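Q: Each chain, written out:
There are 2 protein chains.
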Amino acid sequence: GTKRGLTFGKRGMGLEDEINAANDYYLADHLAVIHKKPTPVTIVKVDYPARSAAKITEAYFQKPSTTDYNGVYQGRYLDFDAKETKNKTVFPMKNIHEHQVQHLANVVSQGGIGFLLIKFTTLNQTYLYPAPELVAAWMQQEGRGSIQLKELVQQAYLVKASLNPSLDYLTAVDDYLADL
Amino acid sequence: GTKRGLTFGKRGMGLEDEINAANDYYLADHLAVIHKKPTPVTIVKVDYPARSAAKITEAYFQKPSTTDYNGVYQGRYLDFDAKETKNKTVFPMKNIHEHQVQHLANVVSQGGIGFLLIKFTTLNQTYLYPAPELVAAWMQQEGRGSIQLKELVQQAYLVKASLNPSLDYLTAVDDYLADL
Ligand SMILES: [Mg+2]
Ligand SMILES: [Mg+2]
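Residue numbers (the numbering used here), protein chains in the order written: chain A, 169 to 348; chain B, 169 to 348.
For the record, the hints were derived by calculation from the structure and aren't laboratory data. The hints are all genuine.
Partial chain B-side listing against chain A, Cβ under 10 Å, derived:
no., residue
1, Leu195
2, Leu199
3, Lys205
4, Pro206
5, Thr207
6, Ala222
7, Ile224
8, Ala227
9, Tyr228
10, Pro232
11, Gln242
12, Ser277
13, Gly280
As a list, the in silico SDA-like pairs of lysine to any residue whose alpha-carbon atoms are at most 25 Å apart:
no., chain 1, residue 1, chain 2, residue 2
14, B, Lys231, A, Asp185
15, B, Lys223, A, Glu184
16, B, Lys204, A, Gln270
17, A, Lys262, B, Ala222
Treat the numbers as computed from the prediction; the structure is a model and nothing was measured. Glycine included, each C-beta is placed from N, C-alpha and C at the ideal position.
So here's chain A without its partners, still in its complex pose (with noise of 0.2 Å):
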């Protein structure tokens, strides 16, 4: 039926795509504009067919030298990553590259909003956790070992259930910022 075909469709959606189509209603609903950036990628070769469009032929993969989201919200710079895990007690700092935390500590010392949103597949639970708060436990822990869900509860914002978008985290920003 079609609450199956929904259940379903749900589960096979991974966060970045219910960030997407969160994003997409935030634009169309004028609540905030906010875009994922595009995949680096250092082209090599680029073919010019006649009469067609150019072909890249020859990339790479760049590494990412910031956040994969930024945008505006209400005036305010928001600056973000998704990160996914199974792990159901932690969450493992591996998951989180250097120069991304240096990133988003820069965004923080500009006035910037910045966080991670991180969901625990397993447990189908997604918080917003504070770039101030990561950079400290990344700073502590010289960016290894994990942090204790127990521990990040305290901290991060639980982006509540909802139905349109799936994945309200402008709701969990809101908490966020009323706690700034």
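Please arrange chain B with the ligands on chain A, whose structure you already have, making use of the hints.
A: Quick look at chain B with the ligands alone, frame taken from chain A:
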């Protein structure tokens, strides 16, 4: 001599190179966190050779749906695109795409700071042209024709000459913010 070399070096620098150099300078000096977005490409085929990096063997350029640059400066969200023209008396509207105007209008309505950096290469002058003026001109002329330089300079902010970075466009942003 050194001076001539420097001048030649600058002559060869396109507007985007100048902006990227300014952004590197701003990041290193903790003045702003502004990055160019990667060129969006649709990836069709990827080879995974043993023992070497994944190689993209078929991909196509996508039309960008936003502007090229965004980031945060003293808590403000900045969003802009770079445009160059050899024209000495007008800025032709065909230099800008409708989706970019739409995006900048969205940014402004969320309280962000949107603009174009327009370089008149023959005059060697670069202006910050605010998004609200651009959107008004675009609507009035239905995306056609051009904006007279005489009119543009009334609404725009000249990026004053500087040595390091060679295009210190944040000074024009400061002038614009002071008028808001
Ligand atoms: Mg990610
Ligand atoms: Mg451009």
